[in-house]
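All chains, full assembly: derive it from the sequences and hints.
Going line by line, the protein sequences match chains A and B.
Mapping the first sequence onto our numbering, position 261 (from 1) lands on 261, and the numbers just tick up by one.
Mapping the second sequence onto our numbering, position 236 (from 1) lands on 595, and the numbers just tick up by one.
Hint data in this document are derived by calculation from the structure and do not stem from the laboratory.
All values reported here derive from a predicted model rather than from experimental measurement.
No residue lacks a Cβ here, since even glycine has one placed at the ideal position from N, Cα and C.
Any given hint could turn out to be false.
Claimed, not checked - Calculated Cβ distances over 10 angstroms to all of chain B for the following chain A residues:
| # | residue |
| --- | --- |
| 1 | R3 |
| 2 | G20 |
| 3 | M37 |
| 4 | R50 |
| 5 | G66 |
| 6 | S84 |
| 7 | D181 |
| 8 | P216 |
| 9 | R226 |
| 10 | N250 |
| 11 | H297 |
Stated by the list, open to error - Computed footprint of chain B on chain A, listed as stretches where at least three residues anywhere in the stretch have a Cβ under 8 angstroms from a Cβ of chain B:
| # | stretch |
| --- | --- |
| 12 | 25-33 |
| 13 | 87-95 |
| 14 | 194-202 |
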Amino acid sequence: MARRLLQGNEAVLLGALRAGATYYAGYPISPSTEILMRASVHAADHPEFRFLQAEDEIASANAIIGASLAGAKSFTATSGPGFSLMQEAIGYAHKVGVPCVFVDVQRVGPATGMPTMPGQGDILQSRYGSSGDYTSLVFYPSSVVECYRYAVEAFNAAEESLSPVVLLTDAFIAHLNEVVDLDAIEVEVKERTLPALASGQTRLFTGVLVYADGEPATADADEYLRQYEEAKARRLTIAERYAFHEYGWNTEAETLLIAYGITRRICQPLASHFALWRPVRIWPVLERELREVAARHRNIVVVEGNDGQYAGVVERVLRRDVARVPLLGGRMSLEAVREGLARLGLLAPEAVGPAGAAR
Amino acid sequence: MGFKDKLKEELFPTIWCPGCGIGLIMTQLSLVMDDLGLDEGNTVLVTGIGCTGRMGGYMHFDAVYTLHGRTLPVAEAIKTVRPELKVIVVSGDGDQASIGGNHLLHTIRRNPDITVLCNNNEIYGLTGGQAGPTTPQGTKTVSSPAGTTTTPVNLQGLVNTSPHAFYAKTTVYHQGALRKAIREAIAWPGFAFVDITSQCIENNGRRIGFPSANEMLMHYKREFRPAPPGSSALESHQLGIVRGTPEERAPAGVAAPSGGSPSRGEAGSGEGEE
Chain A
1 MARRLLQGNE
11 AVLLGALRAG
21 ATYYAGYPIS
31 PSTEILMRAS
41 VHAADHPEFR
51 FLQAEDEIAS
61 ANAIIGASLA
71 GAKSFTATSG
81 PGFSLMQEAI
91 GYAHKVGVPC
101 VFVDVQRVGP
111 ATGMPTMPGQ
121 GDILQSRYGS
131 SGDYTSLVFY
141 PSSVVECYRY
151 AVEAFNAAEE
161 SLSPVVLLTD
171 AFIAHLNEVV
181 DLDAIEVEVK
191 ERTLPALASG
201 QTRLFTGVLV
211 YADGEPATAD
221 ADEYLRQYEE
231 AKARRLTIAE
241 RYAFHEYGWN
251 TEAETLLIAY
261 GITRRICQPL
271 ASHFALWRPV
281 RIWPVLEREL
291 REVAARHRNI
301 VVVEGNDGQY
311 AGVVERVLRR
321 DVARVPLLGG
331 RMSLEAVREG
341 LARLGLLAPE
351 AVGPAGAAR
Chain B
360 MGFKDKLKEE
370 LFPTIWCPGC
380 GIGLIMTQLS
390 LVMDDLGLDE
400 GNTVLVTGIG
410 CTGRMGGYMH
420 FDAVYTLHGR
430 TLPVAEAIKT
440 VRPELKVIVV
450 SGDGDQASIG
460 GNHLLHTIRR
470 NPDITVLCNN
480 NEIYGLTGGQ
490 AGPTTPQGTK
500 TVSSPAGTTT
510 TPVNLQGLVN
520 TSPHAFYAKT
530 TVYHQGALRK
540 AIREAIAWPG
550 FAFVDITSQC
560 IENNGRRIGF
570 PSANEMLMHY
580 KREFRPAPPG
590 SSALESHQLG
600 IVRGTPEERA
610 PAGVAAPSGG
620 SPSRGEAGSG
630 EGEE
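Here's what the structure looks like:
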């Protein structure tokens, strides 16, 4: 197929189909709804692809878990409030080891917030949103073509790690239209490894800690640790194969900008002034890569659409202060970035320009 | 093959309290499964949180022990992806009618071909005996010391909001009726709900005046009667089955035929066998 104009949400759906997804369940919520609508249209023409518009996000999340255990590659898409409703099921999928994909198209929260201005406020929710300890794999593309590519990678990582993988986007990328040629993108697709339900075994898939025979191990710390460490090691080992990130721009600059998702695109006009490091794999944090890059720069600034969620993580990893440029209330613009950098004394005030000053 | 082949007897005794009614449901389910040739290659169990949810661990099937209240979306998705399988849900009244109530409402509407066995003991037993969604009004529990003040959920009325649904009412005392209800529910081409009154002696029965589980069973024997033939709805102490009209299902990708609302069927006869 030739080059075509494609929206971020559509690219996510096409990536999921490329990965072999055959089940979608979801509940309408802006700015993710195009994924649900496109999935319903696809299902109408493709009987092998099953679609459920569920009663809520809780049902959607649990339905994709059931579908996955039954043998289908499955996914859902939502936004902040719906993502919050899905957290219990995400914890269940981690505990049981269910491969599936949760797409979170972020908007400004908390709660209903500012529908549907773009935000990046679910960075920590995507890591710590469910109860207990678990190891999340989370990717965040920054273009339409990357929505396609990393949707495929999210399914691959889910299959390899046997865990729910989160694909973060935001209202900005979701509704961005760009010219892409999907056929030019080479992606590998990982096949299923988890035997489907009713393949002759008598397994117990449960959120309760149990021994291999299904008996409860609910007071056995040693068994908990054995299973927890095994799951964690598997996730971390698999994550190494998905260490997507980007380092570039003016790598001689004193100041390193860390920006991800749409924020990296917003900062693009500043490329001659700053170095850039962009994690695509948001979780687990690319700690080694981050330390290597950070050692080359005097100043580190995290520009993000929340009040320092990833900046705090970077500080923990580097054990040094990092500056913050939070882009809040949906005000994700170059002017806002320039203002923030000028406040930090890292960009001359005249570079901010009248558009920024007026806001 | 016998019904005991369906059970992981090596794990017995079960976690359930002496006198619990859940084992009576598991026995009848095993008998029906054996009769119908259901095995680990053609059937999946889906259970919910609560004492009843443990049943999946005691049976020789792949079983999905879901989060609290989430059996139905999981079961429906399994059936959607693998229509050749029998999908049987086993959980309690709290799981289905309270925390899972929204899923019950909407799963009834969608009418997937799944079977729900609801162990209705009218109490939250696992957590120690708090009032539940089907606790009769006025019942003193550990969370309603002056008696519950709310109307119980009308499961029959809820299920029968669909013209296509199957609703059966039985008790664990009436083993023949229970077996018949389970068998017909599994055979029903659509959503089938079996509402099974069952005793929780440890965390409810004793507090409301029953000296033993046997006294609770004798109470069910005295209280419940088969519905008269031709009943289209069951009174509160009647046993029976109320069937809707099976839904005409179009092949995937083909629009369903339009038609008028089918009328509700009649209660079957013979549900009162003991």
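The hints, checked one at a time:
1. R3: Fine: 31 angstroms to the nearest Cβ keeps A/R3 off the interface.
2. G20: Nearest chain B Cβ is 13 angstroms from A/G20, so the label holds.
3. M37: 18 angstroms, holds
4. R50: Per Cβ check, A/R50 is inside 10 angstroms of chain B; nearest 5 angstroms; violated.
5. G66: The claim breaks: A/G66 does not keep its Cβ more than 10 angstroms from every Cβ of chain B (closest is about 3 angstroms).
6. S84: 15 angstroms, holds
7. D181: 30 angstroms, holds
8. P216: Not fine: 7 angstroms to the nearest Cβ puts A/P216 too close to chain B.
9. R226: A/R226 is indeed farther than 10 angstroms from all Cβ atoms of chain B, at 19 angstroms.
10. N250: Per Cβ check, A/N250 is outside 10 angstroms of chain B; nearest 49 angstroms; holds.
11. H297: 45 angstroms, holds
12. 25-33: Per the Cβ count (1), the hint is violated.
13. 87-95: holds (count 3)
14. 194-202: holds (count 7)
Going through the hint list in order, the structure does not satisfy hints 4, 5, 8, 12.
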